[in-house]
Amino acid sequence: MASNRRIVVAQALLAVAVGFNLDTQHSRVLTGPEGTHFGYSVALWSDRRDDLWLVVGAPRGASPAPANGSLPLGRFHLCSAFGDQCPPDALLPLPSTLAALVSTVNSSPVLAAQGIGFGETLFAPDAPRSRLLVCAPRLAMRLRPDSLHSRGACVGLDEAAAPRTALVIVPFKEKYIRVGGGLRQNDHRYRGYGMAGFSAALDTAQDNVFMGGPNAYFGQGVIARSPAVKGRGKNAFSRVTFGPPSLDFSSEGWATVLGRFDGHTEMVATSAPNANHALGSITFYDARSLRPVAAPRLTGSDYGAKFGYSLAAGDWDGDGAADLVAGAPLADGGKGAADAGAVHVYYAPAKTVSPRPAQVILGRAAWARFGYALACLGDVDQDGFDDLAVGAPFAAGGGSVHVFYGRPEGLGAEPTQVLRASAFGGALRGFGFSLDGGIDMDGNGYPDVIVGAAESDSAVFIRSAPVLAVEGAVTFNPPEVSLHNKSCNVAGGPVAEGEDAVVCLDVSVALAFEAERWPEQQPVNVTLQLDPKLERLSFVHNRQSQVTFRANLSDARGPADGRTFQVYIKTPRPRIDVPLEATASVALLPSLPAPRLAPTAAEEATRVPPVLALNRPRVIQGHGRLTCEDPLTCFSRPDIALKASSEQKLVVGETASFSVELSVSDATASSVQLAVAFPAPLSFRRTSGHRLLPQCQPARTGASEAQLVLCSFQSELRQDTKIPLVLSFDYSPLSLAEFAMTSSRAELRLLLNASSDSADLMQDDNSLEVVVSLELEHHVYGLGSSVPESVQAFPNESLSLQELMDPRIPSDTSASHLGPPVVLSHMLVNRGPSPLVGAKLVMSVPVRVPSGLPLLYLVDNPVSNPALSCTGPVLNPRGFQLPRDEARFDDVPADVVGDRAPDPPLGVASPPAADDEPAAGTTTERKKRNIHSDRTSATRPEGGTAESDGGSTRDEPSHLTLSCDNVVCERIVCEMPPVMSGNNVTLTVSGLLVVSTMKTARRSFLTVESALSVELLQVGGHPPRSTPLPSIRTSVVILRQQEHRDLFSLSWLHYVGALTAGLFIVIVLISVLHKLGFFKRKRVISFDFGTEASAEKEAIYGDSSVE
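Letter by letter, the sequence shown follows residues -19 to -1, 1 to 1088 of mature numbering (1 follows the signal peptide of the UniProt record, and there is no 0).
Some hints could be false.
[Said to hold, decoys possible] Label pairs and their calculated CB-CB ranges:
| hint | residue 1 | residue 2 | range |
| --- | --- | --- | --- |
| 1 | 570 | 696 | 32 to 40 angstroms |
| 2 | 862 | 1038 | 44 to 52 angstroms |
| 3 | 672 | 730 | 26 to 34 angstroms |
Please keep in mind that the hints were generated in silico from the structure rather than gathered at the bench.
We put the CB at the ideal spot given by N, CA and C, even for glycine.
Could you build the full structure based on these sequences and the hints that come with them?
What follows is the structure in structure tokens.
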């Protein structure tokens, strides 16, 4: 099968769905006894006497026996379509006698509470003189005193009125069945609890009854076929024993329909909603043999959705093969609405190749259970396609029924009509629980519908309105009119002397209707509209372009209602390239037949008013033609002029929009066309304005480089009309910028020409040249940073000035001995709007002082992103060693040395913090020299520490700025590729600050400044313009150091002197202590106080022996 198309039925659309021909105003609400579930099942039935009945099941209806009237055995009601009577029928599916049935029911508390369900299933074919099936799926049979089996049964009726013959069909009545050559008791393992009649249907010939028994064979289910006429055959079953355990409780036979699903063979389609782990499935059987046919088994797509809960068969697309619809009322709808429901539509599902893909129509209202009931309504609108009704009994407001009309491409994605319970009073609940249709109950040729509302014990009979398709013609006489034939005045009479002559002609309207059965004339309102687009015609009698009149339409087989109107051409110079047009639209009026004192049922049935067909045109059109032999006499001469602002400019990178004004004076202009020629850098986008916009299309210009667009106005431009237009173009900013810089005249020229289908009074103002000057506008800014922003310079760690000036310096001397490394990074950002083309980025670097000493020693090539072609000073002119294994820029972040420029801040770094070390994050660790093994330490420089002067300014004596104003700078010039608006270019230069040169400045604080500028080319080949950008400053703090020596490096004299001084100090200290008596000690004398002291001691310690 083809893949499914999932269609969501939006509730907003459902709420405003256009009603069609199911007339809710002439419906009838049937009400049954309370609590009987009246409306659980419904059917429209035409019996063998051609009597028409509304059949309503009430499966909890009371027993007809007076002594057992409280038992809910179930009933069905036969109701007249137009009468007030709706009595329950006295028939019951009696296996023997009523007493035996009552006794069986009374023996089971479950049966006594639920009944046998008589009337739960109703079926009547959509055909005249048909049979009616009324089923009791829980009809119980007592095979042993302690055993009840719900075998189920159906009753077949040919006539409603007595005398009649009722055929009771009990397909599972055997006590024992033969399985595998032996007899087995027919219990739950087989068909003992089958519940035959849970679903039921008749074949086309009405010779066989097909009943679903979903509880047979461990709940695997079975289809039983029984003869509809007693003695004409035997029972047959779709299976004779149970299958594997995986099929248990799949419930095949839950819903059953018949149809020629391959277009030839009559088949039985039956559902098993619990099969395949609750996905659900549908199986096809041959109706003659009950054997599975070679058709694909249909399977649901959502677990637990109850796929196949309801089925309906009909020819929705009119191809002759039956189509199938399966309901899944517990499926999630659109946006995950729980239990919103869905229906699956399969077109000719038993064919090898389906004519069109299956579709899924989803409900949107949560808990509505869209698809709970389904019914083929027949051809409700008589358009040749069957129509479908889908019940949603639990929708808000009491339930709803959605009607989908068939069409050549299948069922529509949206319902044509939605019937809601609220349309029939506020008491209905469960509206849409059961559905049926297909029988014309009122004789108007259109099948009607019955809807059950079991929750409120009600059913609603809804009649279909006749559908009228309007036919006819609108004609011009003569069909071709010459503008020279000015034979009448605006009053329609002959032209008198001094009157203005006009061209007159006739417009005729002849209308009728086509309907299935509608013998009466139908009054309508007809609106005739003349030339609605160009308004070139008016009626003579009212001098307007529209007239409305009443007509009585007859069937198309009879005479048509015709009218003729005289019209005239009202415009002085009408367009002749567009045909004349007249349209007739029809609106139905109420059709009231002559009143009768006692109307019959047939006369009552004709009173449903008709509606117009949806699939047929409601507007009839006619066309004529205007001709002209001599344009000089047919047309007047307008004056078309073009104007534009004298000064128009375009900044490259901004929107290219140019304003012009087209004006028409002296007369109406027709077929106005505007030709716009423009140079190749531009491409036409659109025209805009307030009104009367032309339609523009490109035109061929041959070998010329210019491009051409032709803009045509679709309507006439009246006299004294002014139309402001804005012509918008697309272009490549880069291409246009290159054009502006290479062209000798930076401008664009647009040539405009306006014309019409007649000669212009003044052709000098029909053409216009718009000169647009090109300008380049750049908003560029720079970001710069030095890493590090502040460095400390240690003169004793760097080459001295003498070593630096000595030409004999060894070639293996490392360049790192010159001073601390720095990385200068610049970023140029183009804020547009114009692109930078042919621009140069210039960095001025202070490489030496005026005396020639190096200041910033460059050792590496500049790094850029994107790659730039740069020229600049010689790198490493003194030839210092640049070891690759030694990181020269250990303290420089990798993102600066690489391709990416650092983020701001700009300019000079913040001064060091007032502490013994510079501010964190703004200094670098100094390198350890490898020349000496001694360790160095920083001391305060002369005149104070670096920290104490950190807040000094340029004007202070200790601060000096070294810039291109007072030192020698060399330029690094980089040619940039085109830089579009919003893009940027980065340039990074690395070098070493020469400490010995900066030391000659005799300052504690220095600032080294490098500058950046960009050279921009000008339009028209003018010299480039240099734009300065913010400079970069690197703060330098020069720290002086003291030398210190280890103790082991002192001479022996130092040690002797230190020892002598120490001994002298010790001697002096001892002498002082001696004089103070520190060394004179006195002996402590002990006294013996005798027995008195001993007694005191004993009194304190309690024991005289304590020491």
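For a quick check of understanding: which of the numbered hints are violated here, in increasing order?
Per hint list: zero violations.
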